[in-house]
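Colleague: Here are the chains, one letter per residue:
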Amino acid sequence: MAKHSHYPSYDVWDQHKEWDAHTQKVVGKRRSPQVAHQFFTETEALLLQTVVSVLVDDHRLEVLTFVTQHLDDSAASPIGESQRKVGVPPKKELYRLGLAGVEAESHRTYGASFVALKPEEQESVLQRVASGKTQSEQAWTAANPVDFFKKLLQDTVGAYYSHPLVWSDIGYGGPAYPRGYVRVEKGLTDPWEAKANGNG
Amino acid sequence: MATDDRVTHNSDHYDGYRSRGMDKRKYADEADVCIVGAGAAGGVLAYELAKAGLRVVVIEAGPFWDPQNDFASDELSMRRLAWQETRLVAGNDPLKLGHNNSGRGVGGGTVHFTGVFLRFHESDFQTRTIDGVGEDWPIRYKDLAPYYDKIEKEIAVSGPDHFPWGAFQGPYPYPVREPISANAQLFREGCDKLGFESVVAPLAILSAPFDGRPPCINRGFCNQGCMPNAKYSGLIHHIPKAIAHGAEVLSDCMVTEILMAGGRVSGVLFQHEGLTHRQMARVVILAGFVVETPRLLLQSTTSRFPNGLANSSGWVGKAIMPHSSHDVYGRLPDEVRLYKGTPVLALTQHFYETDQKRGFARGYTLSAHGARPVGMAGAISAEREDGSFLWGNRLRETMLDYNQFARITLVGEVLPNPDNAVTLSGKKDEYGMPIPQVTFSYGENDRKLYQHAIGQMKQIIEAVGGTPEHVVSDTAHLMGGCRMGDDPETSVVNDFGQTHDIPNLFIAGASTFVTSGGGNPTNTVMALAARTADKLVEAMSRRDV
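Protein chains in written order, with the working numbering: chain A, 480 to 679; chain B, -14 to 530.
Derived by calculation from the structure, the hints in this document are not laboratory data. Possibly wrong hints are sitting among the right ones.
What the hints assert, rightly or not - 25 Å max Cα-Cα, derived PhoX-like pairs, lysine-lysine:
#, chain 1, residue 1, chain 2, residue 2
1, B, Lys9, B, Lys36
2, A, Lys571, B, Lys443
3, A, Lys665, B, Lys9
4, B, Lys412, A, Lys629
Stated by the list, open to error - Every beta carbon over 12 Å from chain B, so not counted as near; a handful from chain A, in silico:
#, residue
5, Thr520
6, Leu525
7, Leu540
8, Lys570
9, His586
10, Ala622
11, Lys629
12, Thr635
C-beta: ideal position from N, C-alpha, C; glycine also.
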């Protein structure tokens, strides 16, 4: 497995002038997120950002700020969540309860706030939430840890893999309108696409 | 951020009508036909009925999109093409709704479908008779064949000269797509090695110019809304043509109630920007898909219809069916680049018909299916078939190899079961309507079918030197909930979509399906709508509905 990007010299944003205006605007905003939390408190937002960094194994502030901001926006938004399992609290409640649960779990196990834990301790706390083997029972009476983890992971991954820096890491060609792709068959790339290890 | 990125709401697009304030409606007094929902079925009906000279009003809950200004080459922001209002889900296998199977806005789901355009097979209409499972439809393949022909020709479906499965063997109206993506090439090579026939997919995507629209440029964002207008959608084809023939489209308008006058429908109530309006009509057609159509019927109760409209059988909302749609992601030695080209460019129906040796009834379609980062990472992290999660370092390192993954997707038949149903919950939404609850559990046959398919998908990947690494549990599409039939005691509508209980209330779209079939349903939805339109034009000209 790769430890680093196969495409170290590739930056998808270099191509943004080739994109349509609406897409440029949508993607461009992600590069300079506004820190203005509408839904989460500052403490919650810091905790959330720390949890996010463990989930995606990334510590670049510009990316994490965008993901946290997106999660805050979507929690504040009146737009629905498409579906919610019967018995699972609405998203706004689930997030709040879940974050409190992570903090409680952290204190119970390590006697400290999640943000102050070592990386392997943070992973261990989240692993217990993911598998439903939490120990701080009181904190999880209103929300199931696995339901929370799944929702948070889905939302986090959706935002993280929408950031152009992450697109560059994985060699994703990104937006392609109006020019499209000409060379789509095996082994072919258009001149502007990412080339593995700078080859090409 | 996405939330302040407003759509243009360009529904006041034709001279003299539909000001923003709703005070210049075209058929404010009465229409001949009111269609609820501007999706795959509603678009065809609006066009056919307006062309026949009827006064048509289409009421659509979502926006009237402008592809150039409202769409973007972006997964996250284009989730808004789906019906995102929260529904409750229940059962052993609660469904993922939203972008997975619904649309909101003019064009409905056709705005973000992959464009795969398949016919059902003859056996799909007689599963009870042939295989002893499901239920027979009140029509046969031959009843629908002329309408499949008509729709495919009308929207210039591209496809192979020879299609090896089912009653229709080609050729398609427009040339087959060429070239195909690396993922589709690998899929076809794998199929070849295993002795499964495969084809380049029949698609509602242009392979050459047609009707003022250009051929596909392989941008790959079919599921995020086509910007060059190479892919068919009701938004760019049937609805504008219906408007040209005199139809009115009221977008951003949510129908909240069906109005009754004795035993007949007289119109509907709808909300626009918080105000309630009324649209009277001689005939009402509900084309709001598998969740919203039953919801509207169930909540529109009167003393004469205490269990909801058109529900004397008790079958409204029952026997909904998704397709099982598991994915297998396999790692290949060389780059595949799943983001490039039309997402589905190759498929096989080698496993479509029942084969007793497999230990289950009915079958499925397998497609080579592209994937973008959000789609792939979301699926392999949080939708894994074994119920585990992939996150942290393992997720990051897997996604660093994104370009080396190939993907195959299942469209598998799910048998109808009345316990899988849309019902009303006790909770209310922003319109004051009861929030629907959607219950779904796979049956034993369904599970055997998708397990078999997962095995075949893995084999295809291995046949080209790949390693299957991620099996994703997913569904696609929704069908049923207002099924058609000859017997008013066990079905909601007749074979033309007319409700058994109320002569001037019709239902169109996937909700009338009796079984799910094992292939993508949009062609069948549109063919059925065209058939309903023919019947309705004839009946209305004789004034006998």
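Colleague: Compare the structure with each hint and give your call.
Modeller: How the hints compare with the structure:
{"no.": "1", "hint": "Lys9/B / Lys36/B", "in the structure": "holds (22 Å)"}
{"no.": "2", "hint": "Lys571/A / Lys443/B", "in the structure": "violated (39 Å)"}
{"no.": "3", "hint": "Lys665/A / Lys9/B", "in the structure": "violated (55 Å)"}
{"no.": "4", "hint": "Lys412/B / Lys629/A", "in the structure": "holds (24 Å)"}
{"no.": "5", "hint": "Thr520", "in the structure": "holds (19 Å)"}
{"no.": "6", "hint": "Leu525", "in the structure": "holds (19 Å)"}
{"no.": "7", "hint": "Leu540", "in the structure": "holds (17 Å)"}
{"no.": "8", "hint": "Lys570", "in the structure": "violated (8 Å)"}
{"no.": "9", "hint": "His586", "in the structure": "holds (22 Å)"}
{"no.": "10", "hint": "Ala622", "in the structure": "holds (16 Å)"}
{"no.": "11", "hint": "Lys629", "in the structure": "violated (5 Å)"}
{"no.": "12", "hint": "Thr635", "in the structure": "violated (9 Å)"}
The earlier numbered hints that this structure contradicts are 2, 3, 8, 11 and 12.
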